[in-house]
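Trainee: As they're listed, the protein sequences go chains A and B.
Note that my numbering numbers the first sequence so that position 203 is 203, with each residue one more than the last.
Note that my numbering numbers the second sequence so that position 222 is 222, with each residue one more than the last.
Simulated from the structure, these hints should not be mistaken for lab results.
Quantities reported herein were computed from a predicted structural model and do not represent experimental measurements.
Be aware that a few hints might be false.
[Unchecked claim] To spell it out: a stretch of chain B is covered by chain A in this simulated footprint if at least three of its residues, at any positions, have a beta carbon under 8 Å from a beta carbon of chain A; those stretches are:
(1) 124-138
(2) 205-219
(3) 234-248
(4) 254-261
[What the hints assert, rightly or not] Selected chain B positions facing chain A (Cβ under 10 Å, derived; list incomplete):
(5) Ala13
(6) Ala222
(7) Ala265
Glycine included, each C-beta is placed from N, C-alpha and C at the ideal position.
Each chain, written out:
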Amino acid sequence: MPGFTRRAFGAAATLALAAPLAFAQPAGGPIKVGLLLIDSGPFATYAGLMESGAKAAVEMLNAEGGAGGRKLELVIQAHSGTPAAAVAAATKLAQQGGVSVILGQTQSSHSLALVPKLDSLNVLQIDHYAQSNDLMTKSCAPNYFRVNTPDALSTRMMQEFVKGSGAKTWNLISVDYAAGQSFSKAFGELVGGLGGSVQQNLFSPQGTTDFGSYISQLSKPADALVVTLYMSDGQSFAKQSRQFGLFDKYKLVLGNGFATDFQLESHGDNVLGVYNTLSWTPELPGARNQKYVQDFERIAKRRPFYTDADLMVALEAFRAGVVKAGSADPAKVRKALEGLKIDTIFGNVEMRAADHQLIRQHGMAQVVKGPGGKNIFQMKVLKSGPEIYPPASPECKASS
Amino acid sequence: MDWSQLFSVAQLANALALASLLTILASGLALIFGLRDVMNFGHGAFYMLGAYAGYSVGKLLGFWAALIVVPLLLAVVGAVFELAVLRPLQKRSHMDVALVTFGLALIIGPAVHKVWGTVPLSVEPPPVLAGSVQLFGTMYPAYRLFLIAVGFGTCLALAGWLKFTRSGMYTRAVSQQPHVARMMGVNTDRLSLLVVCLGIAFAGLAGVLAGPYLSVDPGMGASILISCLIVVVVGGLGSIGGAIAAALVYGFIQVIGTVLFPSLAVLAPYLLLFGVLLWRPQGFGRGRVA
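Just chain A, same shape as in the assembly:
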């Protein structure tokens, strides 16, 4: 027994000393990238698409040599879709998965809950999903970066349409959570500033299946309708609106995350003619973009959507940060990313130092009948980042 005790003690001491290193990333080993997915509720529907898009992007970047000679490795963590579950999943990714950066299906409420924890978890978040304006103003944080377009940008994109449409009265229906609330507020201000008015401003809880009572309220006359409903909510609304003939009552129907490209096939003709903000299509010019589309289709066996492109750019940004920092250490990558000009599938774009927002393009597209009878998006307006991004908010203290 004495021998056992001494040996056991020695082994235990060695293990105890080695334990903290078990989750640290070895200098030459793969760099772990955390991917948060939602496995229940309306957003679970597209978790599979997000996963396949992430795997394809990682494979493409690894084929290009990875980040600073190190391969990228995806660590996937699914959760139930609440902000608390997102925080728990991100904590697991950081503490047990040993990831340097977190990407994935982070709704605005998730990112708003995650942002205060990123520093203590010693992890970066490069958001390509959440749209809340607060993430670039009062809730921005040093370890938080964003490559997708915030709501403020969608309203700026819509401004041209609002002006040009001649519509004076507007009805709005939005999902009743952070993104829907902030968009509806910003859009109301936009319309008010142009001398118009919002007549109906409805909010439906996430997961609403029967929109009949909302549609009946929206039947009160107005010139135009704006729909901010996502995923299966948007799909149910589109189908039921068609049965009610709702869209025929408006001169213009604008969608914000409503008639998305990844839902276009399942929407069928229910969203024909709807204008929607759209930040990317496979047809956009640029050799890198064309190569991305080709490689993506070969690997994922489907066409890429704008969400796939945003995820790819998040990884391209992370890679650029790692290369410049010469390390995957979150603090060093954070510093390297600030103000960095990055070659991406969107072209050469800047990660603004002041608020950690990627200054990238955004546009408006209309759902039209394509040559083969299939519905497609036709880009109507595409603006470059510097044309449309507002100046960084003084409220944001992200820059180190």
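Knowing the structure of chain A, use the given hints to seat chain B on it.
Mentor: Quick look at chain B alone, frame taken from chain A:
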């Protein structure tokens, strides 16, 4: 707050459409509870299975065929459910059986996702019901009117079966006095098989009807199960008449909440449940399968 909306024909019909779907589902749930004493937490999953099967059969044979074939298929599933799950567990506690049905839902859900995928599927109404019709001066979707007719027609048929047929009479007898009914020679096993098949077939019928009305998506089973349980509890556990009344109240409360108190609408069904349990804990009904 727009009070005029409350009195519109469209909103009345919206409440009835939701109530119809819930009525069909809740009747099945109440039937199984009434006879078998089992709270079937798998009912939402059977409904989802019906909707997805309706999508596939509809694509192959058309909506009208799906409306017949899918409930029959689900009745077969119901037979397996009764023989393989409920009957072997009939001497176990309520909690044990309820947990097994809950587990069944957890199995059916991912199995459905595996077969049909997780992307919502679009089911359009048949051409004859695709458009809108004039309803007292308001254009209203024809499919929703059809749903209302089928929903309440099904309930009438169920009530007729319970009241005027021998098997219906046995069902009422077993649900109220199972031991006495057995002593009087009623074959309760055969009756249970019939009732469970019927209950699950109702879930399948509701699933097919929900396709063109709502959307066919992976979350549809879980979300409707909660509404359905509220309807069954408010209606009085096991009471068919109570479930119909509760579904109507549920539909109207949901619509009123959406129109008048949109931010509280999501809480309305729970407030209804809370209120009824305080005021009349036994629910609206007058007893099991009544």
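Trainee: If a hint holds in the structure, say so; if it does not, say that too.
Mentor: Hints, one by one, checked against the model:
no., hint, in the structure
1, 124-138, "holds (count 5)"
2, 205-219, "holds (count 7)"
3, 234-248, "violated (count 0)"
4, 254-261, "holds (count 4)"
5, Ala13, "holds (8 Å)"
6, Ala222, "holds (8 Å)"
7, Ala265, "holds (7 Å)"
Checked against the numbered hints above, the structure violates only hint 3.
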